[in-house]
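We have chain A already, so just place chain B on it with the hints.
Here is how the chains run, residue by residue.
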Amino acid sequence: MEIPTQRLNISRILIWVILFGVITIILYSSLPSSIWPWLGQRLSVFATVFLGIFIEALPFLLMGTLSSGLVEVFLSDDWLARSAPRRALPAALVGASLGLIFPICECGTVPLARRLFRKGLPLPAGISFLLAAPVLNPIVILSTATAFGWGRMLLWRLGLSLLMAVSVGLAFSIEKDSANILRAPIFPIESIVLHTYSANETFLQKIQQALVISADEFFEMGRYLVLGALLAAILQTFISQSSLLAVGSGPILSVLIMLALAVLLSICSTVDAFIALGFLGTFSFGSVLSFLVFGPMVDIKSILMFLQVFRRKTVFYLVLLPLLMSLLAGLAFNYFYA
Amino acid sequence: MSIRLYRFLQAFILFALVVFIGFKLISGTLSLYINMQYMPLTVFGIIMLAIMTFVVLQHLESKTDEDEHHDSGHYHDISPSALIILIVPLLIGVLIPVHPLDATAASTRGMNVSAPLVGTLQTREFQSAADTRNILDWIVIFNSTDDLSPYVGQTARVTGFVYHDPRLPANQFIVSRFVITCCTADASAIGMIVNWNQSADLKESSWVEVKGPVQASKLGGQPIPLIEATYVQSTPQPDQPYLYP
Numbered sequence: 001m002e003i004p005t006q007r008l009n010i011s012r013i014l015i016w017v018i019l020f021g022v023i024t025i026i027l028y029s030s031l032p033s034s035i036w037p038w039l040g041q042r043l044s045v046f047a048t049v050f051l052g053i054f055i056e057a058l059p060f061l062l063m064g065t066l067s068s069g070l071v072e073v074f075l076s077d078d079w080l081a082r083s084a085p086r087r088a089l090p091a092a093l094v095g096a097s098l099g100l101i102f103p104i105c106e107c108g109t110v111p112l113a114r115r116l117f118r119k120g121l122p123l124p125a126g127i128s129f130l131l132a133a134p135v136l137n138p139i140v141i142l143s144t145a146t147a148f149g150w151g152r153m154l155l156w157r158l159g160l161s162l163l164m165a166v167s168v169g170l171a172f173s174i175e176k177d178s179a180n181i182l183r184a185p186i187f188p189i190e191s192i193v194l195h196t197y198s199a200n201e202t203f204l205q206k207i208q209q210a211l212v213i214s215a216d217e218f219f220e221m222g223r224y225l226v227l228g229a230l231l232a233a234i235l236q237t238f239i240s241q242s243s244l245l246a247v248g249s250g251p252i253l254s255v256l257i258m259l260a261l262a263v264l265l266s267i268c269s270t271v272d273a274f275i276a277l278g279f280l281g282t283f284s285f286g287s288v289l290s291f292l293v294f295g296p297m298v299d300i301k302s303i304l305m306f307l308q309v310f311r312r313k314t315v316f317y318l319v320l321l322p323l324l325m326s327l328l329a330g331l332a333f334n335y336f337y338a
Numbered sequence: 339m340s341i342r343l344y345r346f347l348q349a350f351i352l353f354a355l356v357v358f359i360g361f362k363l364i365s366g367t368l369s370l371y372i373n374m375q376y377m378p379l380t381v382f383g384i385i386m387l388a389i390m391t392f393v394v395l396q397h398l399e400s401k402t403d404e405d406e407h408h409d410s411g412h413y414h415d416i417s418p419s420a421l422i423i424l425i426v427p428l429l430i431g432v433l434i435p436v437h438p439l440d441a442t443a444a445s446t447r448g449m450n451v452s453a454p455l456v457g458t459l460q461t462r463e464f465q466s467a468a469d470t471r472n473i474l475d476w477i478v479i480f481n482s483t484d485d486l487s488p489y490v491g492q493t494a495r496v497t498g499f500v501y502h503d504p505r506l507p508a509n510q511f512i513v514s515r516f517v518i519t520c521c522t523a524d525a526s527a528i529g530m531i532v533n534w535n536q537s538a539d540l541k542e543s544s545w546v547e548v549k550g551p552v553q554a555s556k557l558g559g560q561p562i563p564l565i566e567a568t569y570v571q572s573t574p575q576p577d578q579p580y581l582y583p
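Residue numbers (the working numbering), protein chains in the order written: chain A, 1 to 338; chain B, 339 to 583.
None of these hints come from the bench; they were simulated from the model.
Quick caveat: nothing in here was measured; it's all calculated off a predicted structure.
Heads up, a few of these hints could be off.
To be verified - Selected chain B positions facing chain A (Cβ under 10 angstroms, derived; list incomplete):
#: 1; residue: Arg345
#: 2; residue: Asn373
#: 3; residue: Val426
#: 4; residue: Pro488
#: 5; residue: Leu581
Claimed, not checked - Stretch by stretch, here's where chain B covers chain A in the computed footprint (C-beta under 8 angstroms, at least three residues):
#: 6; segment: 30-43
#: 7; segment: 49-57
#: 8; segment: 201-215
#: 9; segment: 318-326
Said to hold, decoys possible - Listed next, the stretches of chain B that the computed footprint assigns to chain A, with coverage defined by at least 3 CB atoms under 8 angstroms from CB atoms of chain A:
#: 10; segment: 358-368
#: 11; segment: 378-384
#: 12; segment: 519-532
#: 13; segment: 564-574
For each residue, glycine too, the CB sits at the ideal point set by N, CA and C.
Chain A extracted, bound-state conformation (with noise of 0.2 angstroms):
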């Protein structure tokens, strides 16, 4: 029975081969040979901005896939389920600051939380995981001061970051049934790997467990990473940043781009500040607030990641409450603040 799809798989790859290189040729030959040059240009500025993302945020990926597998295999899922708290405000603030104990930027937040979720984590604790985790955290926290100081920037960004993860929390707590929010996982990852413990399991077969399940997890959160960061790398290639900014002034306008770039430039968040801190001297402070707060919690990475985990209304949620929740901190700072 497997075997049907398998073929249907493998005919589906020839199609997209074949069309592929039909395109190619007809492009190749129609288009004029002066766009060639520029092209090259181009394509080398891209393979570059794209392998620096890929390289960067590899590491960090793999501490969160290699974390979900140790919480795998060395967390009891009746511990978890026990000692996590019943009613929805402890435990939003409680998955809110996971964060501290888990260092990962948003490239393996995803991969943790749904691990936790399958470990009986209650919903608001994961959803608040999901979008403080990135923001405080040990590094990020680091970072961030680094960039601005101990300063005003730094608390706001982590009051806000908090504020809004646990709000978010809390508006799912409504739903009860988390069969709603949660996706199936098309990838039965404990299928592959025996999912029997047997307590007699010496601690190296244990770890070796981790290991596998963390490389399945490695394969199944990377391609969103490959296509975040192939997607962030052509905009940055053929979109110049000075058009966006030469509209980029204005109170609204500002934070509205500010917060396009969060989402595409996905930036990892153990170093975004240093990016932001490069468009304070064009951009207003509640601009550059709103992209340190919102880009953590959702870019193009992390909007793949999610409908991996997520039914796709949570998702749309997921996207837009923090985003408007950015956008009026933003507009706030711009118009009262400042």
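Here is chain B on its own, set in the frame of chain A:
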């Protein structure tokens, strides 16, 4: 796809990534992609990938398809798309020649005249001898000092690539460098205007060394240093084409 084949391909791609990134690390081309300050993280990544390769292979050895079939109910769900997509970085890395960001990238990103990272002010630039300052040092000085009089007239000697900014007249060009904070995703081009009669003869993106007294100028309303070049000489691309704040 059988689980054994899947595992084998997985191990193969993991190992290819180890070789690919390991080669970039050893050959020094890693610095064309990321700020070398983060190199330890990359080393961690390579080690993790190598361990994973080893463990996945061992896992493959220790079981037959039969075993896996008993352990697992529905492995026909394994999709080859994850394998294919993770080959993409390898293909891009192997097929597209390694090239640092140059004037092409500067033209899309625009010249960032107001220095990035002015916030991370260090005082070292201010005490350093004029001819040891790089372009970033000069830009930081021009963006963080109100009274430029001590610096105007000092002789600068900087290396960078040629960028013909459309806003400049024919006898001027920008000697430019990219500043990398984390990786090439956050690269921003900075530069100094150079007054040089043969500017038009200089090839875009070629590397030059420029020497001459510094003047204060403006580009797009922002203060920018200008070099009255006494000489402009072509020079090979430095081992570290980017500057790090």
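Hint-by-hint comparison with the structure:
1. Arg345: Since chain A brings a Cβ to about 9 angstroms from Arg345 of chain B, closer than 10 angstroms, the hint holds.
2. Asn373: holds, 9 angstroms
3. Val426: holds, 5 angstroms
4. Pro488: violated, 23 angstroms
5. Leu581: violated, 14 angstroms
6. 30-43: Coverage by chain B holds for the segment 30-43 of chain A (3 residues, Cβ < 8 angstroms).
7. 49-57: It holds: at least three residues are needed, and the segment 49-57 of chain A offers 8 whose Cβ sits within less than 8 angstroms of chain B.
8. 201-215: holds (count 5)
9. 318-326: violated (count 0)
10. 358-368: holds (count 3)
11. 378-384: holds (count 4)
12. 519-532: holds (count 8)
13. 564-574: Coverage by chain A is violated here, the residue count being 0 at a Cβ distance below 8 angstroms.
Hint check: violations occur at hints 4, 5, 9 and 13; the rest are consistent with the structure.
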